[in-house]
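Chains as they are written, first to last, in the working numbering: chain A, 12 to 388; chain B, -13 to 281; chain C, 7 to 299.
Worth flagging that the hints you see were computed from the coordinates, not collected in a lab.
Treat the hints with care, since some could be wrong.
Within a straight-line C-alpha distance of at most 16 Å, the following computed EDC-like cross-link-like pairs (lysine to aspartate or glutamate) qualify [what the hints assert, rightly or not]: (1) A/Lys246 with B/Asp129; (2) A/Lys104 with A/Glu75; (3) A/Lys281 with C/Asp48; (4) A/Lys385 with A/Asp292; (5) A/Lys57 with A/Asp165; (6) A/Lys100 with A/Glu325; (7) A/Lys74 with A/Glu98; (8) A/Lys77 with C/Asp184; (9) A/Lys125 with C/Glu70; (10) A/Lys380 with A/Glu162; (11) A/Lys104 with C/Asp43; (12) A/Lys77 with A/Asp307; (13) A/Lys125 with C/Asp151; (14) A/Lys380 with A/Asp165; (15) B/Lys125 with C/Glu70; (16) A/Lys281 with A/Glu98; (17) A/Lys104 with A/Glu92; (18) A/Lys77 with A/Asp61; (19) A/Lys73 with A/Glu98; (20) A/Lys100 with A/Asp66.
The structure displayed is predicted, hence computed values, not measured ones.
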Amino acid sequence: MNRSLTRRLTGVAVIGLAAATFAACSAPSSSSGSSTSGSVNAASAKSAADFGGMDALVAAAKKEGKLNVIALPPNWANYGEIISGFESKYGIKITSDQPDGSSADEISTAQRLKGQSTAPDVFDLGTAVAMANTSMFAPYEVSTWSDIPAERKDANGVWVNDYAGYMSVGYDSSKVPAPTSMADLLKPAFKGKVALNGDPTQAGAAFAGVQMVSLAEGGTAGDIAKGVDFFKQLKAAGNFLPVDPTEATITSGQTPVVFDWAYNNAPISKQLTSWKVWIPDNAVLASYYIQAINKDAPHPAAARLWEEYLYSTEGQNLFLKGAAFPVEYDAMKSAGTLDATAAAALPAVTGTPVVPSQSDNDQATAYLKANWAKAIG
Amino acid sequence: MADAPRGRALGGLRPSGALLGVVPFFAYTTVFLLIPTLVVVIGAFVGTGGFTLDNVTGLFSAGSAYVTALEQSIVLSAVTALIGALVGAVLAYAVSTAKPGGVVKRFVTSLSGVLAQFGGVALAFAFLATFGGVGYMTKVLNDLGVSTGSGLWIYEWNKGLMLVYLYFQIPLMLIVFLPAVEGLRPQWREATETLGGTTWTYWRRVAGPILFPPFVGATLLLFTNAFSAYATAKAIVTQGAPLVPLQIDGALTSEVLLGQANVGRAMAMTMVVVVAVVMVIYAWVDRRASRWLAR
Amino acid sequence: MSTGLRANVHRRQRMMRWAVIGVVLVFFALPLLGMLDFTTKDINTGARSLATWRTLANVGQINEQYPTLATGFVNSIGLAVITPIVMLVILVPTMTWVRLRLPWLNRTVEFISLLPLTVPAIVLVVGLTPIYSWLTGWLRFLLGDSIGESTLWLSLAYVILVLPYAYRSLDAGLRAIDVKTLSEAARSLGASWPVVMWRIVLPNLRTAVLSASFLSVALVLGEFTIANLFSRTNLQVAMFLLAKSNAQISIAVGLVSLVFAFLVLFAMSFIGGTPGGGLRHRRALRRSQKETA
């Protein structure tokens, strides 16, 4: 007995020693962090001027030859076309990782793969996660910086909004009648058919869905008690589906009604012709996403060129084509560079869009944390 | 035989010689398993100000959703483990009686090997396509007069999810238990019959006790398999996190409630504790069952 | 003993066998039929259509549109080859040795083998992050970037994932054979330890080793979470990206990958000889029958 105890203690000691040794010996760091092109350090360039002009930036990016993006599904705000547009315009190969990743996944992956060539170069994040992690971003101002409204960007260029979406209800018109108000969704015709894109305490899209319903029911983006109450009624009526809606579940008819961003719902009609998008009257919830460059990006010049592309007329119009509201909309409209057909195809909205503030979101988060599981469970 | 007494005597004087044989295993698992687990366990006790027990105590505070999730996870895992083990054991026996090297045995074992790891979004979709609101089996059942209620039963953790879990538990049991069943010698059956025993005597007195320890071990495996499975559950039940792995996923990847990473690690640590407890129970059962086996 | 009794037992056994296997196979087939149903349907009209399968059959076009699918497929094959080999090399000698010489370590090895299952994949990734950062750092330093960051190094983590299942299979197999007597007999006849392992223990563990390898291959081909979170491409990750663009094709590819994994395992069952019986066994039986005749 005594000997076996000693043996076990020895085992534990060996493990501890191994842990300590391992922690101490990490490989000599290779100089892959900063890529120098000529005399310019791409990782610290704050604008195209720092490179010596756009052409120099393009050349530096082409030299790197690759770009890693993360959490950009092809049907999300038309990122599929944006990625292939960038690839064919500059000949830079894009690797799109973790298309279903959340904003939190983007940050943790960047930390996980730090120093490796597969780390993400750029981020597209929800506001909450972005604001909590600004220390990971490299400041950069695109050439069209002046076209972006002041409240949509950081004064130092650390982050900038790229597009906004309106929260919408997508529905299969061949399976359910067209809803005209939130109350319609509580009717028996929608039994076992209504899904939310995720859990509001976890996913930004679902969170905004509850905020939108709250607006439609007479509440505000911050005071979402009416929104949560609506979902409680939905569950009680047997209409609420806890399934994660994906392209597969929608096209197979398993989730005929989905609360999601308009830019996610709109492309479905390419696959399912009877899919329509509806935004309730006077309940227009808009939310901007944030674009940022990874401070430790393995391909810093390509990352900066990517941002230039996104904020060029071409990139912004591609967002518009995906039913997302590009951040340079007003500037492009007055300059006449807006894609008219795409602008006309945006889902019809009545009423002014509401963009929730930080305090709105904090208030809503606290309420959800305390009440969502009880309402739905 | 000559080697054995010498080996044992020397074994008493030089234990380190024998220990060398297991060094590769321990070195490998230390680097790739024990250290990662330690990282998680240590993280469970780290808070904003250094060492803290808040992460763990917060989980068990009054009205915490985590305790409910833990109970439900344990129930789900236990039920699917037991049913899966029983059905899988019967299936393993059935397969073992087939001709060795025949098509049936190869087919069923290969199919089970594939299905044991079939999970996640694909399995969830397949089940929804079958038993969901618009699934074809739902239509068939309705035509046959079997009422499927509101059709929402498949999304509940204690109904539909159990059925889905069985889909990979049963094949897993087959794969893991088949070697044990095939270890039953036909001579033992013949000996029982020669001594005047019936089939029931054979099962109760001979095959049963021999198969019991591996059966319990396999059930334990099924339990932990269901306990930590999360991809399938995540695809079917996105709301409310009724199970522990879903709670952990929420804590680690939420875009709305930030800063919960260490709470997630605390949750993971409780999972390890639960399995450790189950393992202790299993060890006790195993020791009692193997007492008469001189192995 | 009357032959009638024996024949009765056999007949009952056969009926039971077909009944049990039949019912379970039907249960297994149902969801797969659901997938097949979805992929042979035209989404908009609901009519039967083979369009999805025809698109899939056009392999060249698929490769062009979804290049990651080919990369993921090749990576998964590589992982499926490396993982079982590493697992067997680590587990079989260790478990035999523990059984023979270090029985007091049995519980420890068992607990360690079961540990990977207690930690869900997303949490294991959290723990593996520093390990892989350290490992990749050294590999890049020693072997260059492209080999150092290859997806194949994930097999080291996959071996850990497969440990619980493999341990259980091998344990069941080891309990069924009397390792102690066999090894002592072999040693007393002059065999060295490697010979004992390779020519005595391993052949007797055939079913168990095959089961363990089956599970390893199936696990590797079906693994998604760890590869995804480390931003590496394997078959499941590539299929997942595919699902984002076209749901029907992704389900069809899912079915194809299931069939593919099945065929791989089916082929593997021939490699090890016949499971639970074996050519040598039959030859030996025939030889002994000749001798007694």
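Does the structure break any of the earlier hints, and which numbers would those be?
Checked against the structure, the hints that fail are numbers 1, 4, 8, 9, 10, 11, 14, 15, 16, 18, while the rest are satisfied.
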